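Residue numbers (numbering that gives the first Met the number 0), protein chains in the order written: chain A, 0 to 442; chain B, 0 to 235; chain C, 0 to 183.
Hints are computed from structural coordinates only; laboratory data are not their basis. Quick caveat, the model's predicted, so the values are computed rather than measured. Treat the hints with care, since some could be wrong.
[Said to hold, decoys possible] With a cut-off of at most 25 Å between alpha-carbon atoms, the simulated SDA-like pairs for lysine to any residue come out as follows: (1) K153(C) to D50(C); (2) K362(A) to K144(C); (3) K167(C) to G222(B); (4) K362(A) to D188(B); (5) K209(B) to Q91(A).
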Amino acid sequence: MTSTVNDPYAGTTHSTDGPVFTVTGQDWDTIDASAVEGDHLVINMGPQHPSTHGVLRLVLEIDGETVRDARAGIGYLHTGIEKNMEFRTWTQGVTFCTRMDYVAPFSNEAAYVMAVERLLDIEVPEKAQAMRVLLLELNRISSHLVCLATGGMEIGALTVMTCGFRDRELILDLFEMITGLRMNHAFFRPGGVAQDLPDGAIEKLRSTVRLLKKRLPEYAALCNANPIFKGRLKGVGHLELAGCLALGLTGPVLRATGYDWDLRKKQPYWGYDTYDFEVVTRNEPDAYGRFRVRLDEMWESVKIVEQAIERLALMEGQPVMVADKKIAWPAQLSVGADGQGNSAEHIKHIMGESMEALIHHFKIVTEGFRVPAGQAYGAVEAPRGEIGCHVVSDGGTRPYRAHFRDPSFVNLQATSVMSEGGMLSDVIVAIASIDPVMGGVDR
Amino acid sequence: MSETQDGSHETRDELVRADTTQLEVVEVREGAFGAHGTGDTSGFGGLTRPVIMPGATQRPYGGWYDEVADRLAGGPGLGDAVEKVVVDRGEITFYIRRQLLLETVTHLRNDPVLRFEFCSSVSGVHFPHETGRELHVAYHLLSMTHNRRIRLEVTTPDDDRHIPSVVPIYPTADWQEREAWDFFGIIFDGHPGLTRILMPDDWPGHPQRKDYPLGGIPVEYKGATVPPPDQRRSYS
Amino acid sequence: MGIEEKLPSGVLLSTVEGLAGYMRKASFWPATFGLACCAIEMMTFGAPRFDSSRFGMEVFRPSPRQADLMIVAGRVSNKMAPVLRQIYDQMAGPKYVLAMGVCASSGGMFNNYAIVQGVDHVVPVDMYLPGCPPRPEMLIDAILKLHDQIQHEKLGSNRLAQIKEEEKVALLATPTSAMKGLMR
């Protein structure tokens with residue numbers, strides 16, 4: 000037994016896998032010798048760490064600098080979102096699921112809303128589809144910028160971080176103008192989107208895209224041929240196509256192996272087949288290849304955003320919610336003179352003119368609509384891969400079960416494969432190249 | 000109706016025909032807002048709401064579903080692997096007997112016509128009212144070669160929660176099956192390391208089961224206290 | 000507590016207090032405890048537009064030994080709570096905790112089995128910042144208020160008196176659920 004029995008943080012517990020030793024800096028020979036195999040050190044890169052991309056715990060068995068065994072411990076951000084959604088209406092479910100993958104919130108909403116709309120058997124209006132595509136692609140750019148920024152920070156390239164967050168602010172300003180929030184917008188609703196584009200949005204979108212096109216080449220100039228960057232990233236986290244498919248990896252990791260699987264092209268939704276863009280692939284299945292894929296994907300997203308802006312400019316005044324009043328969110332929200340609340344005509348109608356309209360508004364908002372019983376799976380191409388939502392309805396006002404197939408959760412299974420045999424510093428780079436977001440991993 | 004999401008181009012009307020799908024009443028709920036029976040004067044007590052799920056679909060299923068169903072049933076030893084087929088809202092669900100799950104999944108992956116080489120998602124669902132078949136596990140399979148999606152659903156009773164693990168065929172199901180164990184208590188036989196993944200290692204109970212409370216606390220506001228979401232009055 | 004116990008009282012002490020308060024707030028290093036969505040807003044607080052460097056706070060210390068402020072940014076799950084407490088214990092005093100966002104302050108929208116309903120169940124909190132997530136401007140506001148609080152924090156025997164005073168006020172305060180009649 001160890002001499003640290005009195006230390007509340009360093010003791011020995013027994014689990015189904017055998018004894019578990021908590022190490023807090025004492026000498027190695029005071030720990031049970033049988034657990035430490037020869038010269039191998041077992042170290043814990045704990046949940047609080049600047050480089051593990053969030054609250055990820057890595058237990059590494061290292062031999063010198065080489066990693067022999069790597070295991071990821073997750074669940075430090077488990078929020079019970081899926082169970083919480085079972086106690087909220089279908090529309091309120093959007094506000095919960097949006098906080099899973101918090102760097103790309105629109106893609107979570109998109110998967111959920113797609114599954115619910117499939118259960119409802121409705122088709123959203125064209126303007127709502129165009130707005131969804133616009134916001135999803137802007138989110139893809141901002142998410143890839145966060146990936147570059149945090150990945151750069153983790154390997155020590157702090158300039159990439161400052162540039163990345165600076166340019167992300169441009170996109171967050173757009174989100175704030177359109178949806179009202181910088182992050183975690185509950186904007187996609189079953190049936191359409193919550194609000195129409197505000198005045199001046201098209202012009203602001205155009206000017207931001209112009210500015211983005213000037214800023215995006217900076218990353219390529221800073222990183223692509225940088226010998227330190229290449230030295231850190233080339234050959235790290237190598238995973239070929241067979242490995243990716245077996246482990247269920249999708250997204251830039253899969254496309255960096257050369258396989259052009261992208262749900263936007265293969266199983267298009269919301270008009271993606273009418274936009275002109277390419278699927279970016281590359282034949283370098285390592286961290287450098289994934290980085291280049293993400294850079295190029297940002298350019299493709301800019302192309303889609305420009306096309307979406309042109310379409311939206313022609314769709315002034317079209318509805319953004321489905322016409323069926325039994326599902327549609329009741330009012331076009333507009334900010335009044337007091338900085339609050341609903342559109343004045345709607346309020347005048349429900350309060351002054353029609354009792355039935357008031358009752359209907361009340362019922363739709365508090366009870367919500369009922370979704371016919373059954374189950375559906377909606378999948379969307381998120382910046383990290385395929386995000387899917389398996390929704391089961393029992394015909395009521397609440398989801399009976401909503402399960403999210405989060406890309407980060409599945410992608411993170413490749414940690415062991417990518418890290419074992421490499422060096423300790425390569426573990427950081429490998430995980431950064433998978434780009435997991437722990438909110439999505441743990442839900 | 001609109002086209003299905005996958006690569007096939009048949010419209011959804013061709014794939015789902017109302018006369019071929021039976022409806023199945025799985026549960027009848029009575030009362031709402033905690034009021035039951037006719038003695039209650041608000042009227043909510045007398046409400047009855049049947050929960051009707053889509054039941055088995057009769058042949059022909061439409062589109063490429065028949066080809067897949069035939070090929071699946073024709074696999075080695077898989078004659079009665081499929082209990083029921085449901086075609087609903089542009090998606091096909093095969094209910095597989097759990098004893099034959101591993102063989103079914105092997106055949107689905109290896110057969111060149113089927114080629115479902117990608118397992119997207121493994122999710123558990125708990126239906127407490129379906130005695131004998133309480134726990135369902137839904138496997139969403141994707142064929143990248145043919146650009147198709149199907150769903151396999153396996154049921155298991157609550158008192159004998161064992162399902163063979165598909166990790167030997169789809170390694171991606173590793174963490175997903177651990178999650179199903181963690182949240183529903185379904186034991187996957189043959190899994191390389193079935194431990195808790197999202198909850199703390201020593202957590203009692205399986206949180207996403209319907210008999211596990213949401214676990215919230217009442218929230219204190221100025222002058223009032225609001226009960227947690229699972230204890231508020233609700234529609235049935 | 001060391002040197003603080005040996006401080007003189009009176010006029011000399013208040014000058015020392017002002018100086019010490021200024022020193023502490025002007026170079027106030029946060030520990031990285033970014034958990035979820037609020038962590039992204041905390042990172043943008045360190046980024047060029049909202050520049051934490053102008054407050055001397057751009058160095059987010061990974062090691063709690065070198066940090067003064069723990070910004071708990073994001074939802075704290077039951078699995079993470081012991082880790083949170085351990086990091087707090089490893090920080091050297093004077094240390095402060097800022098609960099950023101509604102999830103850290105009170106559990107937020109996640110009133111369920113998995114989330115600690117407010118980190119004040121685990122660590123003592125000096126500043127609560129609501130928002131989901133709070134804008135970086137709101138975070139700056141909370142930090143400036145915390146700076147104010149630190150500037151006016153007393154030392155030595157004055158500090159003990161200050162603590163006693165605060166406790167007396169808190170014990171006599173009306174509990175939230177008894178604050179009725181406010182809607183009129």
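Hints versus structure:
{"no.": "1", "hint": "K153(C) to D50(C)", "in the structure": "29 Å, violated"}
{"no.": "2", "hint": "K362(A) to K144(C)", "in the structure": "43 Å, violated"}
{"no.": "3", "hint": "K167(C) to G222(B)", "in the structure": "23 Å, holds"}
{"no.": "4", "hint": "K362(A) to D188(B)", "in the structure": "47 Å, violated"}
{"no.": "5", "hint": "K209(B) to Q91(A)", "in the structure": "20 Å, holds"}
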